[in-house]
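**Student:** Required output: the full structure, derived from the provided sequences and hints.
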Amino acid sequence: MQNSEILSLIKNKFPELLAEETPHGLVIPKTNLLDVARFLKTELGFENCHCVTAVDRKDRIEVVYHFYSFTYHFMLTLKIILSMNDLTVESVASLWRSADWLEREVYDLFGVRFLNHPDLRRIMNPDEWTDYPLRKDFKREDFIPRPVSPGLKG
Amino acid sequence: MGDLVTINMGPQHPSTHGVLYLELQLDGEVVVGCKTHLGYLHRSIEKIAENRTYTQFIPFTDRLDYLASMNNNLGYCLAVEKLLNVAVTPRAQYLRVIIAELNRVVSHLVAIGTFAQDLGAYATPLFYAFSDREKIVELFDSICGSRLTYNYMRIGGVSGDIPAGTEQVIKDFIKYERKQLIEYNELLTYNAIFLARSKNIGILSKEAAINYSVTGPILRASGVKWDLRKEEPYLVYDQFNFDIPVGTVGDSWDRFKVKLDEIEQSLRIIEQAIGAIPEGNPVSKVNRVFRGTGEIYLRTENPRGELGFYLVAEGGFNPTRCKIRSPSFSNLSALEELIKGLNISDAVCVLGSLDIVMGEIDR
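Which chain is which? The protein sequence lines are A and U, in order. Taking our numbering, the leading residue of the first sequence gets 1, the next gets one more, and so forth. Taking our numbering, the leading residue of the second sequence gets 1001, the next gets one more, and so forth.
Accuracy of the hints is not assured; some may be wrong.
Pairs of lysine-lysine residues, derived as DSSO-like cross-links and limited to a Cα-Cα distance of at most 27 Å, are as follows [what the hints assert, rightly or not]:
| hint | chain 1 | residue 1 | chain 2 | residue 2 |
| --- | --- | --- | --- | --- |
| 1 | U | Lys-1171 | U | Lys-1135 |
| 2 | A | Lys-136 | A | Lys-58 |
| 3 | U | Lys-1230 | U | Lys-1171 |
| 4 | A | Lys-139 | U | Lys-1047 |
| 5 | U | Lys-1206 | U | Lys-1225 |
| 6 | A | Lys-30 | A | Lys-58 |
| 7 | A | Lys-41 | A | Lys-13 |
| 8 | A | Lys-79 | A | Lys-30 |
| 9 | U | Lys-1230 | U | Lys-1082 |
| 10 | A | Lys-136 | A | Lys-30 |
| 11 | A | Lys-41 | U | Lys-1230 |
| 12 | A | Lys-58 | U | Lys-1082 |
| 13 | U | Lys-1135 | U | Lys-1179 |
| 14 | U | Lys-1225 | A | Lys-41 |
| 15 | U | Lys-1199 | U | Lys-1225 |
| 16 | U | Lys-1047 | U | Lys-1082 |
| 17 | U | Lys-1047 | A | Lys-136 |
| 18 | U | Lys-1082 | A | Lys-136 |
| 19 | U | Lys-1199 | U | Lys-1179 |
| 20 | A | Lys-79 | U | Lys-1082 |
| 21 | U | Lys-1199 | U | Lys-1035 |
| 22 | U | Lys-1047 | A | Lys-79 |
| 23 | U | Lys-1285 | U | Lys-1082 |
| 24 | A | Lys-30 | A | Lys-11 |
| 25 | U | Lys-1230 | U | Lys-1206 |
| 26 | A | Lys-58 | U | Lys-1047 |
| 27 | U | Lys-1206 | A | Lys-41 |
| 28 | A | Lys-30 | A | Lys-13 |
Away from chain U, derived, C-beta distances all over 10 Å, residues of chain A [said to hold, decoys possible]:
| hint | residue |
| --- | --- |
| 29 | Leu-7 |
| 30 | Pro-15 |
| 31 | Ala-19 |
| 32 | Pro-29 |
| 33 | Asn-85 |
| 34 | Gly-111 |
| 35 | His-117 |
FYI, nobody ran anything at the bench for these hints, they're computed from the structure. Note that the Cβ used here is the ideal one computed from N, Cα and C, for glycine as well.
**Tutor:** Have a look at this one:
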């Protein structure tokens, strides 16, 4: 199984989709993510969402999904490109439970908001934080003034 | 239904295996809700990777899963080697396999010892496991000079050859450990109290395990016969005979048993590899400084599951992005569902059987 085969299968299913193949995975528009993801899971057998992460390219943020198929022994790399003034994308946590925490991590470190996520909170850093530390424009000097934590509740 | 009580378990708690904080909602002694709070050990290692050269980052991978430092070193070095097209000598490949499997044995021994401790088998199994572990730790000390954070693998090989006589030490250890495994089985596996505490507790179904992207021994305990060393062999794993132990139900006992059986399989691999180490240089002639472009996502089979490194390089001396997909992170995400409806003492059992290391969850 190859990226190009997956791409042609996706194009057969969604003829109007503007998907393209790059050397490092498929790139699809963010509006079609949920449809394509559902198609990948239910019909192509990508039952494992192995990794969700993001890459800051300074002018844009790429959200990178790694889906794995046990049947084909194939790891698919799917990318969504987000412009810096609209960092929102549909959540795939309703399809793969593993995406829940992985998306929370991307939200915490990059500030990408996942729409319809069951519980979008920061996962590593304190909830009161407003910075996104893995962005390229994050300054390390800003790290010093730590927010005061209200302490453990309960 | 009485009033619900919220209890903070952790971040400082002997059974949470690190600084994990569980906010448990209890109805009497039954857990009805659980909220997991992470991040107490967050060091932003992924950001550090962006500011270090490829070689400089190797010691930081030791601090991820600190019970299996060699395996982390290996996963990272393999990813960089694939990204930058660095060749590895055959001798280094065999040494890497032996060292990685020895570290798997160590890691599983700690898992078994602490799991028994969690179930109330106070001290004895833990001391047995740790005295076995000590033998390998001392061996690693003689090979690379450290006992916990080894920093032994290099891009293009290993940092140095094994000292003379190491092969005999390993052969003796295999003989010794096989006897010890019988002891563990007598002491724990079919012990009535141990069975009562762990059998049918925290059952993780096959479908749920795949949906949560659970990997490693926990996935295999749920009945999925899946091991990267077998299915997508890296290094020279395709040259060895070994079996993949699988569980039947996916309960805490199965997760324990799979780990115990994997020790035996690791010993088999080491036994075959030790007799076949080719002569030659364990370090290939490579540049001191690496740079390149591209993207790579590479997974290796760590003791706790599949460790993935996603490296993005844009031509500089350091990677643009280094995402570490840690096995414990995904394994722990299944906890909230697993412990609902169980007693709080069984929640400790489930958490112990998941065998998490906070160092690689928080990163």
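**Student:** Work down the list of hints and note, for each, if the structure agrees.
**Tutor:** Each hint tested on the structure:
1. Lys-1171/U to Lys-1135/U: At roughly 12 Å apart (the allowed maximum being 27 Å), Lys-1135/U and Lys-1171/U satisfy the hint.
2. Lys-136/A to Lys-58/A: holds, 6 Å
3. Lys-1230/U to Lys-1171/U: At roughly 24 Å apart (the allowed maximum being 27 Å), Lys-1171/U and Lys-1230/U satisfy the hint.
4. Lys-139/A to Lys-1047/U: Holds. Lys-139/A to Lys-1047/U sits at ~11 Å (cutoff 27 Å).
5. Lys-1206/U to Lys-1225/U: This hinted pair holds, its Cα atoms lying about 10 Å apart.
6. Lys-30/A to Lys-58/A: holds, 19 Å
7. Lys-41/A to Lys-13/A: Given pair Lys-41/A, Lys-13/A holds - Cα atoms ~14 Å apart, limit 27 Å.
8. Lys-79/A to Lys-30/A: Given pair Lys-79/A, Lys-30/A holds - Cα atoms ~9 Å apart, limit 27 Å.
9. Lys-1230/U to Lys-1082/U: holds, 19 Å
10. Lys-136/A to Lys-30/A: holds, 22 Å
11. Lys-41/A to Lys-1230/U: At roughly 24 Å apart (the allowed maximum being 27 Å), Lys-1230/U and Lys-41/A satisfy the hint.
12. Lys-58/A to Lys-1082/U: Holds: Lys-58/A and Lys-1082/U sit about 26 Å apart, inside 27 Å.
13. Lys-1135/U to Lys-1179/U: holds, 14 Å
14. Lys-1225/U to Lys-41/A: holds, 20 Å
15. Lys-1199/U to Lys-1225/U: At roughly 21 Å apart (the allowed maximum being 27 Å), Lys-1225/U and Lys-1199/U satisfy the hint.
16. Lys-1047/U to Lys-1082/U: Judged against 27 Å, a Cα distance of about 21 Å means the pair holds.
17. Lys-1047/U to Lys-136/A: Holds - the C-alpha atoms of Lys-136/A and Lys-1047/U are around 9 Å apart, at most 27 Å.
18. Lys-1082/U to Lys-136/A: holds, 25 Å
19. Lys-1199/U to Lys-1179/U: holds, 25 Å
20. Lys-79/A to Lys-1082/U: Since the Cα atoms of Lys-79/A and Lys-1082/U sit roughly 21 Å apart, the hinted pair holds (cutoff 27 Å).
21. Lys-1199/U to Lys-1035/U: Answer holds: Lys-1199/U to Lys-1035/U is near 25 Å, not above 27 Å.
22. Lys-1047/U to Lys-79/A: holds, 21 Å
23. Lys-1285/U to Lys-1082/U: OK: Lys-1285/U and Lys-1082/U at ~16 Å, within 27 Å.
24. Lys-30/A to Lys-11/A: holds, 15 Å
25. Lys-1230/U to Lys-1206/U: Satisfied, since the Cα-Cα distance of roughly 19 Å is no more than 27 Å.
26. Lys-58/A to Lys-1047/U: holds, 15 Å
27. Lys-1206/U to Lys-41/A: holds, 16 Å
28. Lys-30/A to Lys-13/A: holds, 17 Å
29. Leu-7: Fine: 17 Å to the nearest Cβ keeps Leu-7/A off the interface.
30. Pro-15: holds, 29 Å
31. Ala-19: At about 18 Å from chain U, Ala-19/A clears the 10 Å cut-off, so the statement holds.
32. Pro-29: Correct as stated: the minimum Cβ-Cβ distance to chain U is 20 Å, above 10 Å.
33. Asn-85: holds, 21 Å
34. Gly-111: holds, 14 Å
35. His-117: holds, 14 Å
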